[in-house]
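**Q** Chain by chain, the residues:
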Amino acid sequence: MKYASQAVAKPYFIAAIALFLGQILFGLIMGLQYVVGDFLFPAIPFNVARMVHTNLLIVWLLFGFMGASYYLIPEESETELFSPKLAIITFWVFLVAGAITVLGYLMVPYASLAKWTGNDLLNTMGREFLEQPLPTKVGIVLVALSWLFNIVMTVLKGRKTAISMVLTLGMLGLAAFWLFSFYNPVNLVKDKFYWWWVVHLWVEGVWELILGAMLAFVLIKVTGVDREVIEKWLYVIITMTLVTGIIGTGHHYFYIGLPEYWLWWGSIFSALEPIPFLMMTIFAFNMVNKRRRDHPNKAAVIWALGTSVVAFLGAGLWGFLHTLAPVNYYTHGTQLTAAHGHLAFYGAYALVVLTMISYAMPILRGRAANSEKAQVMEMWSFWLMTVSMFVIALLLTGAGIVQVWLQRVSETPMGFMAVQDQLAIFYWAREAVGVVFLIGLLLYIWSFFVKDKSPVLA
Amino acid sequence: MSAIFTKSMARNVFYGGGVFFFLLFLALTFDSMRVLPTRDNSQNITANVEHGKKVWETNNCIGCHTLLGEGAYFAPELGNVYKRRGPAFIKGWIQGMPTGVPGRRQMPQFNLTEQELDDLIEFLKYTSEIDTNNWPPNIEG
Ligand code: HEM
Ligand code: HEM
Ligand code: HEM
Ligand SMILES: [Fe+2]
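Protein sequences appear in the order of chains P and D. To convert, take the position in the first sequence, counting from 1, and add 638; that gives the numbering used here. To convert, take the position in the second sequence, counting from 1, and add 2; that gives the numbering used here.
Read the hints as simulated data drawn from the structure, not as lab findings. Treat each hint with caution, since some may be false.
[To be verified] The list that follows gives simulated cross-link-like pairs (lysine-lysine, DSS-like), each with its CA atoms no further than 30 Å apart:
1) P:K753 to D:K9
2) P:K795 to D:K9
3) P:K828 to P:K648
4) D:K9 to P:K828
[To be verified] The following label-pair restraints were derived from C-beta to C-beta distances:
5) P:G1053 to D:P100: 46 to 56 Å
6) D:P139 to P:W730: 48 to 58 Å
7) D:T48 to P:M745: 31 to 41 Å
8) D:I141 to P:W1066: 38 to 48 Å
9) D:P104 to P:W1084: 37 to 47 Å
10) P:D932 to D:P139: 52 to 62 Å
11) D:T48 to P:Y821: 14 to 24 Å
12) D:N136 to P:V776: 33 to 43 Å
13) P:Y821 to D:P104: 35 to 45 Å
14) D:I141 to P:W1084: 50 to 60 Å
As the structure is a prediction and not an experimental result, all values here were calculated from the model. For every residue, glycine included, the Cβ atom is placed at its ideal position computed from N, Cα and C.
Sequences are here, hints too, so could you generate the full structure?
**A** Here it is in structure tokens:
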């Protein structure tokens, strides 16, 4: 660790992993409810489990992004973090607010939660991913501002690199687009239109800047390739992200009441969205091939390469699969969407956070890399989680194709619930593979506790 | 990448491209908002519809159902349920929950008042009349 203040990243990373575990447990509950419909009903209805699953996902990724930036920015800026104390206070505020929110979902009927938390003052709840009560939404603004402030102040007083500029810009965008979560017009079409300014402009816009910056940082560290080369790549990749991804928002505007011209704008621009993801894969492999050093942390290199490949598969390939308007006409809101959502979120964002943790955590614990044994375990967990997520995506894709066929293409369409019965086999298999994913995650957590008999010194 | 294309050129293309396409997106947004009233059925947004939307949101229906194809994939599409089932069925259905059929997916009992139910149905009616470019492909959603 070059700067003492980088240590604040550690609690963020630990919280991220703990919440990740929670997310998966609720995923498995839902996976079972898909086939055993009354499992845990009415204690945990499906919609409650879903809120917990998706909100924990977002929150642990945010913890990961924050931890990563508190680690990365001092090193890039070559100066201590502006205020480590603020970072720690923010950590606790966010953790406690997140915990209270999840407990609220689980213990209080949603309608009562809405009433007690001031939803009558400003209706913002009850929309997918944006289910948080108003105080939590405001809390997220404050946490994001505190984070942004700390990072910006650090960048301003130190060296300004392309990586830190891109990361900061990504965070700024994250905070700015979050503000649209407060805008909920009665007009459903407008509500949906601006809802995507949070959801799409996050994952296919500003978050990709954060992803790119973090990946570039780790690649510089583990390959020793010249910064000039890596940062040029970074700029070219994120240029393509914004050029394709902003108007690509249109791939959500086909069938929700917006003008027909979005069928063209959305299809054409979003069809180009895989390009930056493909470039990211080429970039990562190129840099590793041209490496000037062999970093002792081999696990981190695997996570980094894995990120670039699975992000391309999940976002690029699976995204392209249903992004053209005539295809989306049939696949809109089916298991195909779920297949893509899972592989993309896992490949791009879960994996990049795990990459940063894999690289930074050993250093935060006082060594350049973990012992051979711990690294082997980590790599096993990488393969278990990654292969099972890929198989889950394949199973949901199978389910989605059959669903589309029986319910939407057929001359004699079957009803939704009757079709779901036909898909049970896919859902059972998904649940089984989900358990393998959980085992991979547990192995990952265990790898942190492997006793270091042969530490690799820095 | 060649030495002629420098990092600072890449940076400028990034900022220029980002700003240009964001402005183009804003222009398209502006136009969409202008054209919207011809398609979004907003002339039928009444106080009841407004309240119905709130009932929809504060019971988190989107956590199981899709509405115009967005939401969760656990339960039927409701954007067109007004046309598929009609108001009386919907009302009876929500009041009759949960089915309690063993092993079948369950929908909770929300204990809605008459007014809340009627407004919710008004909201679903309004939603079913939005011009969605003919989506969904058939009545099953
Ligand atoms: C890392 C980047 C990405 C992530 C995390 C991601 C995630 C998601 C998620 C979670 C949804 C479902 C949203 C909902 O609940 O309604 C979704 C929908 C969609 N995504 Fe992505 N996505 C990414 C990139 C892409 C790309 C690059 C494309 C196109 C090439 C794409 C095309 C689509 C389309 C067309 C839908 C709508 C599906 C439908 O109509 O039901 N996505 N994405
Ligand atoms: C107030 C919010 C909700 C409304 C207005 C609503 C409305 C409806 C309607 C009208 C149907 C009949 C659809 C048809 O026959 O085509 C239905 C079915 C269903 N809903 Fe909901 N729903 C709500 C919330 C939920 C929630 C939160 C869940 C899950 C926990 C859920 C799960 C289901 C299931 C599983 C079915 C199909 C059940 C069967 O066929 O046995 N609903 N809902
Ligand atoms: C491994 C076990 C997992 C299981 C069994 C599982 C199961 C589920 C289920 C049943 C849903 C609800 C789908 C619906 O609306 O009907 C869901 C939603 C979702 N899950 Fe998972 N999940 C798992 C892991 C993950 C992971 C690792 C991620 C991301 C890193 C993830 C991200 C998501 C997202 C983004 C959604 C919302 C999807 C959408 O709206 O299209 N899940 N999950
Ligand atoms: Fe998108």
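**Q** Take the hints in turn and mark each one as holding or not.
**A** Here is what the structure says about each hint:
no.: 1; hint: P:K753 to D:K9; in the structure: violated (53 Å)
no.: 2; hint: P:K795 to D:K9; in the structure: holds (23 Å)
no.: 3; hint: P:K828 to P:K648; in the structure: violated (41 Å)
no.: 4; hint: D:K9 to P:K828; in the structure: violated (40 Å)
no.: 5; hint: P:G1053 to D:P100: 46 to 56 Å; in the structure: violated (19 Å)
no.: 6; hint: D:P139 to P:W730: 48 to 58 Å; in the structure: holds (50 Å)
no.: 7; hint: D:T48 to P:M745: 31 to 41 Å; in the structure: holds (35 Å)
no.: 8; hint: D:I141 to P:W1066: 38 to 48 Å; in the structure: violated (29 Å)
no.: 9; hint: D:P104 to P:W1084: 37 to 47 Å; in the structure: holds (38 Å)
no.: 10; hint: P:D932 to D:P139: 52 to 62 Å; in the structure: holds (55 Å)
no.: 11; hint: D:T48 to P:Y821: 14 to 24 Å; in the structure: holds (21 Å)
no.: 12; hint: D:N136 to P:V776: 33 to 43 Å; in the structure: holds (40 Å)
no.: 13; hint: P:Y821 to D:P104: 35 to 45 Å; in the structure: holds (43 Å)
no.: 14; hint: D:I141 to P:W1084: 50 to 60 Å; in the structure: holds (51 Å)
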